[in-house]
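Engineer: Chain residues, written in single-letter form:
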Amino acid sequence: MKEIEFQYQSDLHQEGEIPSDIRTEELTLNMGPQHPSTHGVLRVVLQTDGELVLQATPYVGYLHRCAEKIAEKVTYRQFTPYTDRLDYLAGMNNNLGFALAVEKLGGIEVPARAEYLRVIFAELNRIASHLVATGCYGLDMGAFTPFVYCFREREYVLDLFEAVCGARLTYSYITIGGVREDLPDGWIGRCREFLDYLGPKIAEYNNLLSYNHIFINRTGNVGVCPPDLALAYGLTGSCLRGSGVKWDLRKATPYCRYNEFDFDIPVGRGEKGTVGDCWDRYFVRIQEIGQSVRIIRQALDKLTEGPTQAKVPRAVKLPAGEIYYEVENPRGQLGFYLVSEGGTSPYRLKIRGPSFCNLSVLPVVARNCLLADVTALLGSLDIVMGEVDR
Amino acid sequence: MLERLIFVLFALPAVVAGVAILLSTNIVRMAFWLITMLISVAGLYFLMGAYFLGVVQILVYVGGVAVLLVFGVMLTSRQLAPKLRPGPVETLWLATVSAILLLGLVLSILRAHTGMEPLPVPVANSPADIGHSLMGDFLGPFELASVLLLVAMLGAAYLARPKVPVQNPQGSKGGAV
Amino acid sequence: MTPSEIIEVLKQHDGAGIVSAVADGLHPHVVVKMDRLPAIAALLQSDWRLRFDLLRCISAIDWPAKNSIELSYDVISTSFGHALAVKVLLDRANPQVESVSVVWPAAEWHEREAFDLMGVTFLHHPDLRRILLPEDWTDHPLRKDYPYPVAYKGLKLNP
Amino acid sequence: MMYVPERPPVEYKGLSLAIVRLATKWGPAGISLLLRFAWGVFFAAIVVLVTFVWAVRRFINPLLPWFIRDVVVVVGLLAFVCIVAIIGIWGERKVSGRIQSRLGPMRTGAWHGWAQSLADGLKFVQKEDLIPRDADQPLFRLAPYVALVPAFCAYLTIPFSLGWVFRESDVGLLFVLAMLAIEVLGVIMAGWASNSKWSLYGAMRAACQLVSYEIPMGLSLLAVVLSVGSLNLIELGRAQEGGWFSWLIFRNPFLFLAFFTYYIASLASCKRSPFDLPEGESELVAGFHTEYSGFRFVMFFFAEYVAMFAVSALATILFLGGWNSPVAGLCSPLWFVLKSAFLVWVQMWFRWTLPRIRIDQVMHACVKYLLPLSLLLFVGSSLWQLYDNRAHPAFEGFAGLLHYVLGGVGLLLLGLFFAGAGYGYYNRNRLVGSMVRKHLPGA
Numbered sequence: 366m367k368e369i370e371f372q373y374q375s376d377l378h379q380e381g382e383i384p385s386d387i388r389t390e391e392l393t394l395n396m397g398p399q400h401p402s403t404h405g406v407l408r409v410v411l412q413t414d415g416e417l418v419l420q421a422t423p424y425v426g427y428l429h430r431c432a433e434k435i436a437e438k439v440t441y442r443q444f445t446p447y448t449d450r451l452d453y454l455a456g457m458n459n460n461l462g463f464a465l466a467v468e469k470l471g472g473i474e475v476p477a478r479a480e481y482l483r484v485i486f487a488e489l490n491r492i493a494s495h496l497v498a499t500g501c502y503g504l505d506m507g508a509f510t511p512f513v514y515c516f517r518e519r520e521y522v523l524d525l526f527e528a529v530c531g532a533r534l535t536y537s538y539i540t541i542g543g544v545r546e547d548l549p550d551g552w553i554g555r556c557r558e559f560l561d562y563l564g565p566k567i568a569e570y571n572n573l574l575s576y577n578h579i580f581i582n583r584t585g586n587v588g589v590c591p592p593d594l595a596l597a598y599g600l601t602g603s604c605l606r607g608s609g610v611k612w613d614l615r616k617a618t619p620y621c622r623y624n625e626f627d628f629d630i631p632v633g634r635g636e637k638g639t640v641g642d643c644w645d646r647y648f649v650r651i652q653e654i655g656q657s658v659r660i661i662r663q664a665l666d667k668l669t670e671g672p673t674q675a676k677v678p679r680a681v682k683l684p685a686g687e688i689y690y691e692v693e694n695p696r697g698q699l700g701f702y703l704v705s706e707g708g709t710s711p712y713r714l715k716i717r718g719p720s721f722c723n724l725s726v727l728p729v730v731a732r733n734c735l736l737a738d739v740t741a742l743l744g745s746l747d748i749v750m751g752e753v754d755r
Numbered sequence: 008m009l010e011r012l013i014f015v016l017f018a019l020p021a022v023v024a025g026v027a028i029l030l031s032t033n034i035v036r037m038a039f040w041l042i043t044m045l046i047s048v049a050g051l052y053f054l055m056g057a058y059f060l061g062v063v064q065i066l067v068y069v070g071g072v073a074v075l076l077v078f079g080v081m082l083t084s085r086q087l088a089p090k091l092r093p094g095p096v097e098t099l100w101l102a103t104v105s106a107i108l109l110l111g112l113v114l115s116i117l118r119a120h121t122g123m124e125p126l127p128v129p130v131a132n133s134p135a136d137i138g139h140s141l142m143g144d145f146l147g148p149f150e151l152a153s154v155l156l157l158v159a160m161l162g163a164a165y166l167a168r169p170k171v172p173v174q175n176p177q178g179s180k181g182g183a184v
Numbered sequence: 038m039t040p041s042e043i044i045e046v047l048k049q050h051d052g053a054g055i056v057s058a059v060a061d062g063l064h065p066h067v068v069v070k071m072d073r074l075p076a077i078a079a080l081l082q083s084d085w086r087l088r089f090d091l092l093r094c095i096s097a098i099d100w101p102a103k104n105s106i107e108l109s110y111d112v113i114s115t116s117f118g119h120a121l122a123v124k125v126l127l128d129r130a131n132p133q134v135e136s137v138s139v140v141w142p143a144a145e146w147h148e149r150e151a152f153d154l155m156g157v158t159f160l161h162h163p164d165l166r167r168i169l170l171p172e173d174w175t176d177h178p179l180r181k182d183y184p185y186p187v188a189y190k191g192l193k194l195n196p
Numbered sequence: 053m054m055y056v057p058e059r060p061p062v063e064y065k066g067l068s069l070a071i072v073r074l075a076t077k078w079g080p081a082g083i084s085l086l087l088r089f090a091w092g093v094f095f096a097a098i099v100v101l102v103t104f105v106w107a108v109r110r111f112i113n114p115l116l117p118w119f120i121r122d123v124v125v126v127v128g129l130l131a132f133v134c135i136v137a138i139i140g141i142w143g144e145r146k147v148s149g150r151i152q153s154r155l156g157p158m159r160t161g162a163w164h165g166w167a168q169s170l171a172d173g174l175k176f177v178q179k180e181d182l183i184p185r186d187a188d189q190p191l192f193r194l195a196p197y198v199a200l201v202p203a204f205c206a207y208l209t210i211p212f213s214l215g216w217v218f219r220e221s222d223v224g225l226l227f228v229l230a231m232l233a234i235e236v237l238g239v240i241m242a243g244w245a246s247n248s249k250w251s252l253y254g255a256m257r258a259a260c261q262l263v264s265y266e267i268p269m270g271l272s273l274l275a276v277v278l279s280v281g282s283l284n285l286i287e288l289g290r291a292q293e294g295g296w297f298s299w300l301i302f303r304n305p306f307l308f309l310a311f312f313t314y315y316i317a318s319l320a321s322c323k324r325s326p327f328d329l330p331e332g333e334s335e336l337v338a339g340f341h342t343e344y345s346g347f348r349f350v351m352f353f354f355a356e357y358v359a360m361f362a363v364s365a366l367a368t369i370l371f372l373g374g375w376n377s378p379v380a381g382l383c384s385p386l387w388f389v390l391k392s393a394f395l396v397w398v399q400m401w402f403r404w405t406l407p408r409i410r411i412d413q414v415m416h417a418c419v420k421y422l423l424p425l426s427l428l429l430f431v432g433s434s435l436w437q438l439y440d441n442r443a444h445p446a447f448e449g450f451a452g453l454l455h456y457v458l459g460g461v462g463l464l465l466l467g468l469f470f471a472g473a474g475y476g477y478y479n480r481n482r483l484v485g486s487m488v489r490k491h492l493p494g495a
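Chains as they are written, first to last, in our numbering: chain A, 366 to 755; chain B, 8 to 184; chain C, 38 to 196; chain D, 53 to 495.
Some clues are possibly wrong.
30 angstroms max Cα-Cα, derived DSSO-like pairs, lysine-lysine [to be verified]: (1) C:181 <-> A:434; (2) C:48 <-> A:434; (3) C:70 <-> C:103.
With the Cβ distance kept under 10 angstroms, some of the chain D side facing chain A (calculated, not the full set) [what the hints assert, rightly or not]: (4) 129; (5) 151; (6) 250; (7) 287; (8) 290; (9) 325; (10) 333; (11) 335; (12) 336; (13) 405; (14) 410.
Just so you know, the hints here were simulated from the structure itself, not pulled from any lab data. Glycine included, every Cβ here is placed at the ideal spot set by N, Cα and C.
Given these sequences and hints, build the entire structure.
Structural biologist: In structure tokens:
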């Protein structure tokens with residue numbers, strides 16, 4: 366496997382060695398903006414020589430909705446629904462990041478029950494998001510069935526969300542000062558049921574996909590992103606951990622009482638190839654689902670009675686100041702740089718989308734690889750274009 | 008009557024395709040015309056009762072050689088097509104050579120019709136007969152052909168090998184033989 | 038290290054380059070001189086006590102009142118877990134600053150974004166193009182005095 | 053202000069114009085007349101046909117009725133092929149639904165959505181027939197036929213049972229292989245003519261893969277041919293009469309393994325998963341048929357399912373006893389169809405379970421594993437065959453030794469096969485990520 370890979374890297378493209386009249390034609394291949402495996406409206410321009418990709422240049426911006434400009438015109442509360450649309454697979458986490466940034470700047474204290482509920486929903490959404498990532502990655506590799514299985518499980522999570530806030534994708538549930546509603550009756554039982562159900566399912570995915578020989582051959586040793594490269598390009602989240610860097614904001618700078626929970630940070634160990642290959646990034650996500658299950662169980666145990674919403678005026682007014690606040694999203698660190706001049710809307714809100722930074726490593730890694738490897742790499746970076754383009 | 012009709016059905020495409028190969032300037036079209044011709048000729052073989060030959064013609068020439076040909080043609084640059092037009096001197100040469108060949112062919116056909124008796128050809132139609140004659144009477148030529156093919160294969164492998172030593176990250180220098 | 042200690046280290050190395058520093062509060066940062074930015078970035082990234090290896094974000098803020106554009110480089114160290122922000126103030130009429138993509142390649146896209154939306158020119162950037170907006174867009178929308186576009190390629194936009 | 057591209061109105065010219073005029077003028081009247089006198093037309097047709105046959109026999113050529121028989125059989129085969137494709141497409145959707153804990157099509161038709169593929173076909177026929185502007189028009193139009201017709205022609209020599217064959221041929225096996233080899237031309241033609249880079253990639257992959265896998269496929273089949281001594285498919289089927297143990301797959305260990313090498317290679321030659329690179333939708337959008345729509349797309353779809361059944365039929369005849377039943381004596385075309393359908397089903401099962409292989413791995417698997425293995429099986433099987441002929445003077449003196457050596461090699465290969473399968477089965481739980489099992493309370 367490895368030998369072949371290096372051979373086609375080195376012997377095919379020696380400039381001047383192959384007579385120019387029999388050299389194969391280089392093609393410029395336009396992958397996207399409508400392509401099944403670019404996960405949205407990403408456009409990648411590939412320079413290819415046969416199946417070999419010499420260069421990949423991503424073009425983004427097809428989903429730019431001026432979220433940062435909009436933020437300057439609306440109030441803090443009004444901006445929460447816009448955060449849902451950033452990383453539309455992890456609306457809860459986006460809400461949480463924005464709410465935390467505003468609360469920290471305004472000095473708002475959140476009640477304990479709301480804190481735990483936030484953790485529960487953030488982690489449930491992490492599970493949902495990772496299930497989508499896992500299933501779609503199977504789809505990218507040509508295995509259709511894991512995709513359906515993962516979406517089946519995700520449905521249960523969405524049902525849980527629907528029960529509590531009525532929405533299945535754009536929740537706006539975690540608001541400034543707490544959460545919007547308390548749990549309905551019997552919700553905790555259903556949640557526990559789901560957690561019991563999910564555990565064996567993960568073993569099923571591993572049997573079906575993770576340890577499939579073809580899958581390992583397609584993803585192991587492919588798209589290797591060493592730790593220093595990952596850090597240099599600002600990769601965060603499971604992409605960074607897949608490269609073997611043990612870095613998780615929930616441990617490093619705990620927010621929302623994450624320090625009270627007992628969980629591990631899974632990192633890529635190069636089990637099926639090199640540290641930082643596509644398989645590592647994929648498998649970190651699978652493991653993180655398990656860790657999220659652990660966190661939710663603990664949070665459900667700790668859940669106390671009490672209010673779910675702090676006393677916050679309807680029109681939130683923040684003092685003048687600035688803050689840069691990051692939370693650990695399923696795709697990495699989502700940052701909000703919030704500048705307030707006093708008043709009900711931000712002076713400037715800069716959003717750091719984790720997918721944006723994760724994608725920036727693509728041209729570096731997708732060089733001299735095969736066409737199918739670009740798909741493998743894109744899938745393992747797990748980008749959401751809503752967040753890249755904002 | 009019916010046989011004549013079917014003969015025309017196969018022979019006409021073969022001739023048309025042969026002419027089209029010469030006249031076409033698009034190299035991929037040429038390849039597909041060639042395939043048409045090969046299939047038509049295979050049809051003629053079927054008509055003559057040489058089923059084995061016809062099937063092998065399709066299997067080897069159409070399924071193997073022609074597909075590889077198209078494959079190679081598709082990979083080469085599209086700008087190559089204008090170069091295929093021969094210059095005036097080349098045209099002259101080619102015309103001379105083809106004319107001489109055609110003359111010889113026509114003459115031999117004419118002679119065959121007028122003068123000679125048809126040679127008694129041993130009927131070897133079934134695969135078993137062909138096998139027996141290949142491994143019996145014609146074993147020498149058969150083996151010679153196989154050696155020739157082997158040499159051709161080795162030559163192809165030699166030509167296709169990388170001209171520069173492959174830089175192997177593992178340290179071992181492989182590649183150039 | 039706490040922000041104040043980090044700022045101490047920075048001041049030891051390059052006291053002249055630092056305009057001001059805020060060590061406490063929600064967003065501890067140092068404001069550095071424009072021409073000293075690459076050196077300080079390299080120092081932050083490579084000094085064994087600091088090791089700011091992860092560039093989190095580059096935010097550009099338009100201050101028409103102060104007639105300046107502020108760039109804030111938020112960095113964090115995955116080895117030590119401490120964080121800091123480095124700020125530079127640029128002239129609003131002609132915002133130009135040296136690119137830090139040599140130190141943190143992650144800056145490449147962030148700087149393209151700042152160029153696209155705020156019109157900051159980064160010198161010696163490997164590939165300074167618009168990133169989110171079309172290449173033929175004319176203005177920089179995140180400036181406070183951005184005129185609302187009336188039409189784009191014959192397509193009328195209703196405000 | 054939006055720019056809406058204007059589509060020029062359809063213009064009919066020449067013959068098409070005449071046909072359109074004729075159809076619009078006389079069509080409705082003609083159809084209603086036909087319906088009015090349907091029974092009359094039917095009986096008249098029968099009378100005309102019978103008279104025609106009689107006249108032909110009497111006055112022109114007594115053999116010509118055989119020609120008519122051929123026409124009838126070809127029409128029957130065509131119908132069978134269409135039914136195979138239609139049921140195959142519906143079955144694929146039901147199988148995928150079953151595997152993915154869904155129902156699959158349930159509404160169209162009364163029972164389990166059986167009419168779904170018919171409805172889809174109708175939809176496709178009605179779709180606009182799009183040809184890209186820069187496409188190579190004649191080749192683009194021709195390609196679907198080049199893909200479908202050879203796949204159909206393969207059925208001309210496939211026997212469904214004793215006597216149930218269009219033409220019994222001495223080279224029947226080679227004929228089927230040759231026809232399946234032409235099919236790739238349609239794919240390449242489509243890929244080239246579409247003038248789309250994705251299609252071109254699909255075509256190149258198809259050419260690369262199909263030509264390579266023809267060799268192990270042919271070699272595995274040759275092993276069988278060698279042990280029966282015929283290329284005639286009827287002969288091959290007849291050699292396996294008398295219960296399941298006389299099937300060729302159980303003839304000797306080499307043939308047992310040759311069945312699997314053939315089956316893997318046939319997956320590749322049908323472009324089925326995990327070798328579905330020419331149309332791998334996550335990489336190449338839709339591969340060689342990216343630009344095809346409507347009825348032309350249906351042709352490609354049909355060709356795929358027809359070829360699937362053809363290779364399965366070949367495997368059935370050559371390895372699984374063809375039309376012979378597992379117990380002696382009950383030969384019937386039904387057995388043949390059932391066995392082939394089973395193999396088709398396994399192909400579907402593969403598709404919905406496995407990821408797709410990368411192109412270099414496809415070639416790697418062929419050249420480095422499948423090809424040497426099939427060569428080995430070919431040589432082993434022929435040696436076994438030689439040994440079986442005890443009277444052969446070449447074995448005087450060491451026939452017993454050869455017996456044990458060959459038997460040992462065969463048993464070793466068989467044992468390795470089952471050991472591998474057993475190892476996988478025994479370790480099926482260990483393969484599960486240890487971390488996940490340990491930490492999840494629910495597991």
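Engineer: Grab the minimum C-beta distance from residue 250 of chain D to chain A and call the hint holds if it beats 10 angstroms, violated otherwise.
Structural biologist: At 8 angstroms from the nearest chain A Cβ, residue 250 of chain D passes the 10 angstroms test, so the hint holds.
Engineer: So if I understand the rule, the pair passes when the alpha-carbon distance is 30 angstroms or less; does residue 48 of chain C with residue 434 of chain A pass?
Structural biologist: 36 angstroms, violated
Engineer: Tell me if the interface restraint on residue 405 of chain D is satisfied: Cβ within less than 10 angstroms of some Cβ in chain A.
Structural biologist: 6 angstroms, holds
Engineer: Is the hint on residue 287 of chain D kept, meaning its closest Cβ partner in chain A is under 10 angstroms away?
Structural biologist: This interface hint is violated because 38 angstroms lies over the 10 angstroms limit.
Engineer: Double-check residue 151 of chain D for me: the hint is only fine if its C-beta lies closer than 10 angstroms to a C-beta in chain A.
Structural biologist: Holds, about 6 angstroms.
Engineer: So, as I understand it, the hint says residue 410 of chain D touches chain A; can you test that by seeing if any CB pair is closer than 10 angstroms?
Structural biologist: Cβ of residue 410 of chain D sits 5 angstroms from chain A, so the hint holds.
Engineer: Using 10 angstroms as the Cβ threshold, decide whether residue 325 of chain D counts as touching chain A.
Structural biologist: Holds, because the Cβ-Cβ distance from residue 325 of chain D to chain A comes to roughly 7 angstroms (cut-off 10 angstroms).
Engineer: May I ask you to test the interface hint for residue 129 of chain D with respect to chain A, counting a Cβ-Cβ separation under 10 angstroms as satisfied?
Structural biologist: 32 angstroms, violated
Engineer: Given the hinted pair residue 181 of chain C and residue 434 of chain A, is their alpha-carbon gap at most 30 angstroms?
Structural biologist: 9 angstroms, holds
Engineer: The hint names residue 290 of chain D as touching chain A; please verify it with the least Cβ-Cβ distance against 10 angstroms.
Structural biologist: For residue 290 of chain D, the interface hint is violated, since the closest Cβ of chain A sits about 39 angstroms away, which is over 10 angstroms.
Engineer: Does the interface hint hold: is residue 335 of chain D within less than 10 angstroms of chain A, judged Cβ to Cβ?
Structural biologist: 5 angstroms, holds
Engineer: Report holds or violated for the interface hint on residue 333 of chain D, using the least CB-CB distance to chain A and a cut-off of 10 angstroms.
Structural biologist: 5 angstroms, holds
In this structure, the earlier hints numbered 2, 4, 7 and 8 are contradicted, and the remaining ones agree with it.
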